[in-house]
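Engineer: Please build the complete structure, drawing on both the sequences and the hints.
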Amino acid sequence: MKCQQCEKPATFHITELTEPTGPVMVHLCEEHARTYLSQENSDSPTNALAGMLAKQLKLEQTADQLAKLDKKTCPVCGITFAEFRQAGRLGCAYDYVCFEDDLGALLLSIHGSKTHKGKRPARGTGSPDRQHKLIQLRREMHEAVTAEQYERAGELRDTIQDIENGGDLPGAPPSPDAAPDSDSDPNSGST
Amino acid sequence: MKLDELAGKCGEWLLGTGPESDIVISSRVRLARNLAEFPFIRKANDSERTQISQLVHAKMDSIKSWPDLLYVDIQSLDEVDRQFLVERQLMSREMAEAKGDRAVAIDPNERFSIMVNEEDHLRLQVMCSGLDLQTAWERIDKLDDELGEKLTYAFHDTLGFLTACPTNVGTGMRVSVMMHLPALVITREIEKVFRSLQKINVAVRGLYGEGSQFMGDFYQISNQITLGRTEAELVTTVNEVVPRIIEYERRAREFLVNESEQDLHDDVSRAYGILCTAKKISSEETLHYLSKVRMGVNLGLIRSIEIETINKLFVQTQPAHLQKLRGQHLSVADRNIERASYLQSHLGPNSKSDADN
Ligand SMILES: [Zn+2]
Ligand SMILES: [Zn+2]
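Protein sequence lines, in the order shown, are assigned to chains A and B.
Each residue of the first sequence is one higher than the last, beginning at 1 in full-length UniProt numbering.
Each residue of the second sequence is one higher than the last, beginning at 1 in full-length UniProt numbering.
Derived by calculation from the structure, the hints in this document are not laboratory data.
A quick note: this is a predicted structure, and the numbers were derived from the prediction, not measured.
Beta carbons: idealized from backbone N, C-alpha and C, even for Gly.
Any given hint might turn out to be false.
What the hints assert, rightly or not - To give an idea of the interface, some chain A residues facing chain B are shown, with a C-beta separation under 7 Å as derived from the structure:
1) H111
2) K117
3) H142
Structural biologist: Here is the structure:
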């Protein structure tokens, strides 16, 4: 059996008795087990996060589902769910849309909530699609410049400026599956 | 304004003038923000990091209410300067040790600093002296608005501000208070106090944050949750718990004075004596004894020193500060000698003459 947080074999099998849903087994390599076991005394949010992820995932998924989830990749930044689990850090804002369901449960166990109640930014950020298209276009523009394709770079720059000024999105959203557009707002750019 | 000029000065937050400043050193509010049109740092390439840094720098320069902002390129700094900024609490240790294009923007009065390309694209922080989270929050809210008018932040309609780590998402806000709790440590009540705090979602850390030992009896109290509550509610969470800890600490000090004043006075006086007379001293030892002396001053057992002096010594006796003040690189052994002489020249009645040889 593999460690729930990395590719190494799991040598520690910890049974959690404190979960309200009943006992939960957590399977970890030595290194991750040490992190996991020290989390109660630790104040590092990263360690706590790793532990919570391990619990969360085991609670809801079978090994097959876990393996599948680990291969899930963000189309914008290329991070896999496995990489996120190991690093505890996401690769781009689109990950919150792309890994929505899996992160949702995690957010709930960290914060006890999934709904922001605080302030909102002065500038409207627009729909997630709009933001993520910008990330991709900027990358392509940089690649074009590096490849000395200046005409292409110029076109891309115009498109970026268009989007930034509230123009329509070219092409389809970057998501491979799911259509995470429940909150897309065509009036982006407004406050 | 240059970095070197900061060394001899003292940030407002160290003055020891704010509310409850016998026990609360400083109040800090931090906001994590990311730019909508770039990947997070973990997946940003070198060119993107540079673009982020340049964009942020240009936008900051265009904010008229932020004159004289010091924009420090961390890559071009030497080891001592990096550590200096960490000791000064203007940037994180992670930031000092990281690689790639990154910067810290510093207000000349050290009221705020903004880390660029740390774990998130932007980490804004505001520090105030004593227990004054409300002021810290109001200031950072304004800074965030001013910057937010120039930059487009990654924001999700229901999840709020998006951050590299899911533990920060929502408000992106960490509210923290640095407390000096020597009596709770001596009476061994500190564990009990902290255990009761865990139930209300408040985290406790040692002075130098993650991974380090609790040194010098300093503890940082902060909110754990960032999502699902308003910023004002998060401030309230910490604001409600701090007075209770202050109360515990005051009671423990009272207990020590009543039950064992002689022991306490002896302990404090010895600490003071060592700081005034040692010929070489490490930074751990200094922290340990300064903590005792600080409590002694607050309890009226030592009357010749100001709290502000002790607060400054905590910062200025650290390795990078000593080297910047002296204007040269020093080995560990030389630093221990320099530290002892620095302490002597700032503590005690006839200290100046002692420091001559
Ligand atoms: Zn592992
Ligand atoms: Zn991504």
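Engineer: Report holds or violated for the interface hint on H142/A, using the least CB-CB distance to chain B and a cut-off of 7 Å.
Structural biologist: holds, 5 Å
Engineer: May I ask you to test the interface hint for H111/A with respect to chain B, counting a Cβ-Cβ separation under 7 Å as satisfied?
Structural biologist: OK, holds: H111/A within 7 Å of chain B, min 4 Å.
Engineer: Taking the least C-beta to C-beta distance, is K117/A closer than 7 Å to chain B?
Structural biologist: holds, 5 Å
Violated hints: none; the structure is consistent with every hint.
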